[in-house]
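J.: Residues per chain are reported as follows:
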Amino acid sequence: MKAERPPLPFVGLAALVAILFPVQLWAIFVHAPVEQQMGIVQKIFYFHVPSAYAMYVGFTLAMVGSVGYLWKRKPAFDALAVAGAEVGLVFCAIVLMTGPLWARNAWGTYWTWDPRLTTTLLTAMIYASFVALRSLGAAGEAEKRFAAALGIVGFFLLPIIHFSVQAWRGQHPTVITGRGGGLHPDMVPALLLGFLVFTLLTVLLVWARARAELARHRVQELELEAASAGLTEDPT
Amino acid sequence: MKTMRSLLLAVGLLVSSATLLGPALFFSVAVAQSPDAEEERATSFHAVTSGAHEDVPGGMLLVAAYAVVLVALVGYVLYVGAIQQGTQREMARLEKLVLARSATSGDTGADDGIPVARPAKD
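In order, the protein sequences belong to chains B and F.
Per our numbering, the very first residue in the first sequence carries number 30; after that it's consecutive.
Per our numbering, the very first residue in the second sequence carries number 403; after that it's consecutive.
There's no promise every hint is true.
[Said to hold, decoys possible] Label-pair ranges, simulated between beta-carbon atoms:
1. B:E170 / F:V476: 31 to 37 Å
2. F:T506 / B:I48: 24 to 30 Å
3. B:R247 / F:S446: 48 to 54 Å
4. F:L501 / B:E170: 27 to 33 Å
5. F:L501 / B:Y139: 53 to 59 Å
If you're looking for bench data, these hints aren't it; they were derived computationally from the structure.
Cβ atoms here follow ideal geometry from the backbone N, Cα and C, with glycine treated the same way.
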């Protein structure tokens, strides 16, 4: 059987990401200056913050897919929810691992129960439950609905993560919020490019994963049809 | 499987309860804190100027962080690729099964591509 070719916009998007990724690395390591207080480790910031943004995008798509599935019961919405949750969780894992590596130098410790760190960890746990629930073999209708509910509940933590640095007094930097003093002008292009690359990457990964999930769903349907038609039984 | 489902349900309920309590905690602590208190954390990033040097070596941490990003993204792309390959293998297996059954029963296939099973002859 021949594999289905990906659509042209998908290939174009992948090519754009492949071109922009090295440009972003150039902007980070050549164009952006080294930070005065934290030194070279501050360059984690250019991947850490866009990853957090990509996590928001992924989890928002998971919420849209979950609401759509509970409402319409269409497999396309379910595939979007699964893809959004998985991709969001990958970026959430990147945030939760790169942040402590930066914190080791900046704060002298890998982890502290700062409000933003704690709420991000809680969100990761919710979406990890979602992914675990959907990974238990072929998910039934009950698992799909329960996972969709988790996808919606988890979404409501995102504004709390985002505004926690403003509302709670923690240790997390507030450089690009309204309260912050801002970035050196030469640091801005690397960050903006990071946002662009990670947004495109999120769309690309969600698209690929949703296509794979829909194909898997179709195969499961065909298996059921084949079984009900007696095709999977031994002809002897 | 049933135990696993019950465990997942319990974990889900626990996490959901924590999520519902989160906003209450968020607003109560936010109200309790004084907005005028002096910030002790970083609120801006400044570039190194001539003559100044960074005083914290963080090269290994930076390499580790970029390795994490690379491993996570490449790992996920491989995982999605594995799912697609598994689906293709399963589709090919179904296709072969249908063709084999069509050949033995002489059925040419229905509109949806899956031949209708015929009752076995006595």
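J.: It remains to establish, for every hint, whether it holds in the given structure.
T.: We went through each hint and held it up to the structure:
In this structure the hint that E170 (chain B) and V476 (chain F) lie 31 to 37 Å apart at CB holds, the actual value being about 34 Å. Remark: the range hint 24 to 30 Å for T506 (chain F) to I48 (chain B) is contradicted by a beta-carbon distance near 53 Å. Judged by the Cβ atoms, the range 48 to 54 Å given for R247 (chain B) and S446 (chain F) holds: they are separated by roughly 52 Å. Checked against the hint of 27 to 33 Å, the pair L501 (chain F) and E170 (chain B) passes, with Cβ atoms roughly 32 Å apart.
At about 57 Å, the CB distance of L501 (chain F) to Y139 (chain B) agrees with the hint of 53 to 59 Å.
Violated hint for the displayed structure: number 2, the only one.
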